[in-house]
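Going line by line, the protein sequences match chains A and B.
Read in order, the letters of the first sequence correspond to residues 122 to 415 in the numbering used here.
Read in order, the letters of the second sequence correspond to residues 122 to 415 in the numbering used here.
Keep in mind that the hints were calculated from the coordinates and are not lab data.
Be aware that a few hints might be false.
Repeated chains share a single entry, so a pair holds when one copy, or any two copies, can fit it.
To be verified - The list that follows gives simulated cross-link-like pairs (lysine-lysine, BS3-like), each with its CA atoms no further than 25 Å apart:
1) Lys-370 x Lys-329
2) Lys-160 x Lys-143
3) Lys-377 x Lys-391
4) Lys-228 x Lys-370
5) Lys-329 x Lys-277
6) Lys-391 x Lys-370
7) Lys-162 x Lys-143
8) Lys-228 x Lys-377
9) Lys-228 x Lys-162
10) Lys-143 x Lys-277
Protein chains: 2
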Amino acid sequence: MARIGFIGLGNMGLPMAQNLIKAGHQVEGVDVNPASVEKLKAAGGAAVDMPGVAAGRADVVITMLPAGQHVRDVYLAPGGIVESANPGTLLIDCSTIDVATARDVAKAAEARGLLMLDAPVSGGVGGATAGTLTFMVGGPAQAFVRAEHILQQMGKTIVHAGGAGNGQAAKICNNMILGISMIAVSEAFVLAEQLGLEHQKLFDIASKSSGQCWAMTSYCPVPGPVPASPANRDYAAGFTAAMMLKDLKLAQDAAKTSGAVTEMGANAAKIYSRYVESGEGSRDFSGVIRFIRG
Amino acid sequence: MARIGFIGLGNMGLPMAQNLIKAGHQVEGVDVNPASVEKLKAAGGAAVDMPGVAAGRADVVITMLPAGQHVRDVYLAPGGIVESANPGTLLIDCSTIDVATARDVAKAAEARGLLMLDAPVSGGVGGATAGTLTFMVGGPAQAFVRAEHILQQMGKTIVHAGGAGNGQAAKICNNMILGISMIAVSEAFVLAEQLGLEHQKLFDIASKSSGQCWAMTSYCPVPGPVPASPANRDYAAGFTAAMMLKDLKLAQDAAKTSGAVTEMGANAAKIYSRYVESGEGSRDFSGVIRFIRG
Numbered sequence: 122m123a124r125i126g127f128i129g130l131g132n133m134g135l136p137m138a139q140n141l142i143k144a145g146h147q148v149e150g151v152d153v154n155p156a157s158v159e160k161l162k163a164a165g166g167a168a169v170d171m172p173g174v175a176a177g178r179a180d181v182v183i184t185m186l187p188a189g190q191h192v193r194d195v196y197l198a199p200g201g202i203v204e205s206a207n208p209g210t211l212l213i214d215c216s217t218i219d220v221a222t223a224r225d226v227a228k229a230a231e232a233r234g235l236l237m238l239d240a241p242v243s244g245g246v247g248g249a250t251a252g253t254l255t256f257m258v259g260g261p262a263q264a265f266v267r268a269e270h271i272l273q274q275m276g277k278t279i280v281h282a283g284g285a286g287n288g289q290a291a292k293i294c295n296n297m298i299l300g301i302s303m304i305a306v307s308e309a310f311v312l313a314e315q316l317g318l319e320h321q322k323l324f325d326i327a328s329k330s331s332g333q334c335w336a337m338t339s340y341c342p343v344p345g346p347v348p349a350s351p352a353n354r355d356y357a358a359g360f361t362a363a364m365m366l367k368d369l370k371l372a373q374d375a376a377k378t379s380g381a382v383t384e385m386g387a388n389a390a391k392i393y394s395r396y397v398e399s400g401e402g403s404r405d406f407s408g409v410i411r412f413i414r415g
Numbered sequence: 122m123a124r125i126g127f128i129g130l131g132n133m134g135l136p137m138a139q140n141l142i143k144a145g146h147q148v149e150g151v152d153v154n155p156a157s158v159e160k161l162k163a164a165g166g167a168a169v170d171m172p173g174v175a176a177g178r179a180d181v182v183i184t185m186l187p188a189g190q191h192v193r194d195v196y197l198a199p200g201g202i203v204e205s206a207n208p209g210t211l212l213i214d215c216s217t218i219d220v221a222t223a224r225d226v227a228k229a230a231e232a233r234g235l236l237m238l239d240a241p242v243s244g245g246v247g248g249a250t251a252g253t254l255t256f257m258v259g260g261p262a263q264a265f266v267r268a269e270h271i272l273q274q275m276g277k278t279i280v281h282a283g284g285a286g287n288g289q290a291a292k293i294c295n296n297m298i299l300g301i302s303m304i305a306v307s308e309a310f311v312l313a314e315q316l317g318l319e320h321q322k323l324f325d326i327a328s329k330s331s332g333q334c335w336a337m338t339s340y341c342p343v344p345g346p347v348p349a350s351p352a353n354r355d356y357a358a359g360f361t362a363a364m365m366l367k368d369l370k371l372a373q374d375a376a377k378t379s380g381a382v383t384e385m386g387a388n389a390a391k392i393y394s395r396y397v398e399s400g401e402g403s404r405d406f407s408g409v410i411r412f413i414r415g
C-alpha cells in the first residue's frame, strides 16, 4: 500500500480519493475548499496544506484539477510538486487539460528524475464514485506499469495511449467525435420531426445501420428509445454542456498548435459555445437538441 | 409468383431484378441502356420498351432510378406508370430521391387506386448482389404487407418507417448522421496523427468509448484497425463520395423545405462537395480523410 498525495478534491477527485482509501492506501489530500478536505478526513484520509508538502511525503502524487493553468501552478511553481517530490516518485495527473501543458510538465518532472503520467478520465461523477472510470494514459511504460494497479482501484478500463500527452490526445480526439456526433444525431432527430418520421422509427433504423453511434444508442438525445439517457430526465447532467465545450476547445487548441484541420470540430465548438451562452451550461450536453430545435 | 415490371437496371437495379428472377418471379425490365436489358434477358427476364407498357402488364412495378426527376417522369408523364397501371397494382420506388417528390408521386398513385411505397435501400452493389439490402419503407400498411415478401427476396432487413415519403426521410436522416460522423472520425484521426497518437491506439480507445460509431468501428477511414474497410484498398468504393454528397444534398433540401436547422449537415455537404470537386467523386466516401489531411 502506498502513501498517496491527492491534490484536488472536487466532484471527481473526492470520490476517487475515497476509493483509494477503501483500497487501503494512506491518502493525504489538498484542496482550496475546506469542506472537501473535511469529507476526505471523514472517509479516513488526512489533510495537508500545500501540494508541495504532500508531494514531499508521498510515493505517488495524483492531481485532479480544473484546467491547464492549475496543473502548471501546482507542479511547476517554486515549492510545487516537481520541486518537492523525491526522485522516483510517481506523478499522475488525471485532469483534462491541453496537450502542450501536459507535455511541458512531464518534461520538467522527467528532468528531476520523477515518473510522470497524464491520465485523464471518462465516466463522470458516477464512474468516479463507482470506481468504473476509464483512464487514458500517456507517459513512459515504466511509469504506466507502476500506476496500473492504483488506477484500477479507481477505474475499470486503463489504456496506455503512448508517450507523454497522449492520454490527453486520446481523450480530446474521442470527445471531439462525441461532440460532433451528438449534434449529428440531434439534427437528424429534428429533421425527422419536421418530416413526420417518429423518433422510435428513426432510432430502430439508424441504430442498426450506418448511422449507429454511441450518441444515439447509449445516450439518445430524445426521450424514449434509451430509457437511461438524460433526455428522459429533462437533460439533467450527466456530462454537462460546459464540460463538452471545454473538451472541444482543447481539441481546437491542439488542432491549431499542431496544424491539423478540424472544420467540423470547430463548428461543434461554436454550436456548444452558443448553447452554453444561452444559459444551459450546467445542462447535459445532449440537451443541445433543444437548442437545435430552436 | 408475381409478374414484375422492373424499371432501371443499373448497378443496383440489375442485381436486384436478377434476385427476383431467381426467386421465381416473371420479371420484365426496362432500361435506356440496351446492354443492361440484355443482361436481364440472359438471366431469364424479358425486355419491354416503355415503363408504361411494363406497368400495364404487371402485378408489381419496381423502380430504381438515379434521381427525383427520373422518378417523376416515369410515374407521372402521360403514358407513364401511374396512368398505365391497373388499379390495385403495387408500386415500389427503390430510388433514393427527395421526400417531396416521393410524396407527390404517392399521392398521384393513390388517387388512381394504386398502392405506392417509397423503399430506398442501403447496402450498395454488394448488398444488391447478395440480396442483403436494407429497405427503409414509407407508405400505407396495406401496401407494406403486400410488398414485404418481395423485398425480402432482395434484402435482409425490411423496416416500415411510416407513411408516404418516410422511407426517404429515414434514409437521409441516417445518411446525414453517417456523413457527419465519417468526417468527425477522419478529423479525429488526423488530429491524432499531428499529436503523435497512433491510429490503432485511438481506435482501441474510441471504439470502446463514447466516440464509438459505425464510421469508425465498421468502416474505419484509416488502414489497419478494420481490415474490411475501403481504407485498406486505397479507398475503392464501396459507397462513393458522389453518392454521399447526393444524400447530404437531399437532406439539406428536406431541411430547407421543412424548416429544420441542420448546420452540421450543411457543413458536411460543403466538405463532401469540395472533396467531389477535387476529382474524387468515384472514390469511397471514407477517402475524405485524405482531403482533410490536405
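Hints, verified against the model:
1. Lys-370 x Lys-329: Classified as between: cross-chain Cα gap 23 Å, same-chain 32 Å, threshold 25 Å.
2. Lys-160 x Lys-143: Intra 14 Å, inter 73 Å, cutoff 25 Å: intra-copy only.
3. Lys-377 x Lys-391: both (15 Å within a copy, 21 Å between copies)
4. Lys-228 x Lys-370: This pair counts as within: shortest intra-copy Cα distance 24 Å, inter-copy 49 Å.
5. Lys-329 x Lys-277: Close across copies (12 Å), not inside one copy (27 Å); limit 25 Å.
6. Lys-391 x Lys-370: Both, since 9 Å and 23 Å are each at most 25 Å.
7. Lys-162 x Lys-143: within (13 Å within a copy, 76 Å between copies)
8. Lys-228 x Lys-377: within (22 Å within a copy, 52 Å between copies)
9. Lys-228 x Lys-162: neither (33 Å within a copy, 72 Å between copies)
10. Lys-143 x Lys-277: Within. Shortest intra-copy distance 16 Å satisfies the 25 Å Cα cut-off; inter-copy 52 Å does not.
The structure fails to meet hint 9 from the earlier list, while all remaining hints are met.
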